[in-house]
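**Student:** Protein chains in written order, with the numbering used here: chain C, 1 to 450; chain X, 1 to 493.
Rather than coming from a laboratory, the hints here were simulated on the basis of the structure.
One or more of the hints may lead you astray.
Stated by the list, open to error - Quick list of the computed label-pair ranges, beta carbon to beta carbon:
hint : chain 1 : residue 1 : chain 2 : residue 2 : range
1    : C       : T438      : X       : G313      : 26 to 36 Å
2    : X       : T61       : C       : P449      : 52 to 62 Å
3    : C       : N94       : X       : R275      : 40 to 50 Å
4    : X       : F58       : C       : N94       : 56 to 66 Å
Claimed, not checked - Derived coverage of chain X by chain C (criterion: at least 3 residues anywhere in the stretch with Cβ under 8 Å from a Cβ of chain C; other residues may be distant):
hint : region
5    : 355-365
6    : 453-460
All C-beta atoms in this analysis are idealised placements derived from N, C-alpha and C, irrespective of residue type, glycine included.
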Amino acid sequence: MRLKSLILGAASLVALASPAFAQELTAITGGRVLTGTSVIENGTVVIQNGRVVSVGTGAAPSGARIIDARGKVVAPGFVAVDSGLGGSEISSVNGSDDLSNGANTISAAFDVSYGLDPWSFTLPVARLGGITRAIVVPNHPGSSGGHVHQDDSDFAGVGHAGLQSPSLFAGQAAIIHLGSGNDILVKPRVAQVAPFGEAGAGVAGGARGAEFTQFRETLTEVRLYARNRAAYDRGAIRDLSLSRADLEALIPVADGSMPLIVTVRRAADIQQVLRLAREEGLKIILDGAEEGWLVADQIAAAGVPVLLNPISNLPGNLETRGARMQNAAALDAAGVVIAIKGNEGSIHRARETRYNAGNAVSHGLPYDAAIEAITVNPARIFGMAGQFGELRAGAAADVVVWSGDPLEPLSIAEQIWVNGQEQAPTSRQFLLRDRYRTGGEGAMPPAYPR
Amino acid sequence: MRLRRLGGASLAAFAVMALGACATTGSSDTPAPDGSSGAKARQPLSAGLDAANNPDPFPSTYRGLPRENFAIVGGTVLDGAGRRIENGVVVVTDGRVAAVGDASTAIPAGYRTVQANGRFVTPGIIDVHSHLGVYPSPGVSGMSDGNEATSPNTAQVWAEHSLWPQDPGFNAARAGGVTTLQILPGSANLFGGRGVTVRNIPSVTMQGMKFPGAPYGLKMACGENPSRVYGGRNQSPATGMGNMAGYRAAFIAAQDYRAKWDKWREDGEGSPPTRNLQLETIAGVLDGSILVQNHCYRADEMAMMIDLSKEFGFRITAFHHAIEAYKLAPQLAREGICADMWTGWWGFKMEALDAVEANAALVDAQPGSCAVIHSDDAELTQRLNQEAAAALAAGRRIGMDIPEERAISWITLNPARSLGIADQTGSLEAGKRADVVIWSADPFSIYARADQVYVDGGLAFDRSNPAYQPVSDFELGQPGFGLSAANIPQGAR
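Work the whole structure out from these sequences, hints included.
**Tutor:** This is the structure in structure tokens:
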């Protein structure tokens, strides 16, 4: 009997996630539709075969499964940027964290996509917060990468603090989707990551001037290697400081075809990084940029996008003395393309991305810009415009029906589709919650019911 | 409370001793020393050697901000004690709440009126778990003063002695409506030291912020942190059982210490015990004058701490970071222990694995419970109303009927209970300190901002008036100082 119900349970889960289900023609009707770039009242979103078929005000096609979204808000799934989703299960458990690598022979070549776990319990939790895609970014082992928890653990031996890597690079980022199933990888190696400012200076020996010099020297070596691979293999060129794998990984960075995510906070450092990128022909994305508002026009003029956390308003160190809640609004007003991050490395707290967007709004960012900053902008920044993060024909059918304004904590993601597959509205947390819903003091221990 | 308890039997007994055979205070039922041995008149100990001589050696010098009598009218009042009043009136007289009621509430002549139409009025937010000032911004090495991680028992340290009042985080927290905070030591140790409760007003000194008469808390820590820190140094505690042995040994020593003082005070024989700051604080817990503020994530560990408290005869006031409180909610309510919780934090270590967003709602559902939302974080403390909103949403998601006027108590009245100051603040009720926030919108909305924040009836922050937007000394002249980003009115950083 028990076995049978288990099998049935498993079968229904499979059904919910199966490609066959995704074929179903579905129309979500009557809701307030946020497409990512515009708003359609009483809109109709039609999805089939994992993609958006149409978005508009027309009637639902005949034969479609109708989802009544009257009084609700329909939005594209949100995109977590600078995230660790799928790459780290429990932050302080080293073996479960595949986001940083300390070996100096594999730095730029480090590829997070191999360590991704489609069965991670972090994914359903983030999904219930409306996140359906993530840019999974490696952490630099010499810096916190935003992942160190301040809770009470601010003493030696916690998190990644204290490790130092001789490398200037953290490795290569990947794009994932958060649909259930056994493959979440959308695209590996979409960007390289390098810390600047204090963290980068620490790698080079302690001073910013050393890092910039070492960085340029590294680019010189990469270009030398790229022009002389055969000679390198024969041992016929001078010794290079990076491993062959790292040199290979940096070729697309050096030629400007792969974006380089530059973690940088201080306005002065942002200016130096913009100059470096201009002179070396690099395609960069600023990450952090707490003091970005002080040089917003320069960032806009360079056409460089920014990944930021709009609630970083305190001078956590001497690099962020100018941090302000208005940073997002000011950068947007200057014409910078921004993407809004979640909290604490955007793994367990990726679901707070929508709250961060709401707080940016209450500090001057236009609402539409805030929605763009968690939907279409991340897709644009990582070269996926039109493919996800937007409700428009041809895009992946990542759709969320919200009970109200998705930036409000009191709103709930009621129905979620990823690649057209409807996702079960549950998580390990919900199972725990339900187990103890009635106080956990029944005749049988809580371990029995499931 | 603290003064009264310390000044109870022990202090009275000491006063009698000091006066020797002549003692006839009449206010104490402690018998005077026997006349025959009274020939050896007792001299008071040298300054600082007897806690009873000066139980408050770093006294509060808090003076409220300038204030006037006023009434807030027209807003939706969530009073913190369960009432919601549309078009409500809050009357403030001499820094205290004088009356709260509907539009018919009388406003004395000469009172200024503050219009709150379309806005919300709540008690000042109270954060029971803050490290502002002890882990300040900037968090550079010279300023990391929150964890005396040099021994598993540092009950002798007081967080107030690490508190840097110029931490810009205090101003940011106030702009989020926070009027009272408990500043705690970190949790590396079984006994981390005393916390201090402060009024959130700018001050040059720690003493100028100290909440007059608020009881001290003793920060204790369960779980992973102590065993990791000290186990990593190959010393005890290295395990959960080592943690428990460490607490028990300390309470045994504190019992012994307390008995020695009591005996010396009673019989007047021999040399006085040597004052020991560590044991004195733990003895304060045994007396009930110092509240146990216990960092404890897991339900099984909370249950053991409750047994420990019964073994030694003390009370636990609150479990902080009570990630698994929902697994033990009925027992916590029966024991009268507050559960101080986050909504969204989880997964950063094993003991934080089983977090659920509905934790506060599930704890709150128990009769007699005390559900508290706390921050432990300089950013989160600025938005405790949003953290409460997320907890409220999680409760409603499973069909719990929780009105906002109930949920607001998670960040107002219940934290006041968790700090032993509910008779002073935490709700808008006649006689309490006039700690009030006027919100631009429903505080459970992401878009709500604290427009005005009053501490003891004095305007401490006004989002639209730069004269009431304090900046700390540290912030002066720093990058961006005095500039407004893209001409957006700043209000606060």
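**Student:** If a hint holds in the structure, say so; if it does not, say that too.
**Tutor:** Verification of the hints:
no. : hint                          : in the structure
1   : T438(C) - G313(X): 26 to 36 Å : 33 Å, holds
2   : T61(X) - P449(C): 52 to 62 Å  : 57 Å, holds
3   : N94(C) - R275(X): 40 to 50 Å  : 44 Å, holds
4   : F58(X) - N94(C): 56 to 66 Å   : 42 Å, violated
5   : 355-365                       : holds (count 5)
6   : 453-460                       : violated (count 0)
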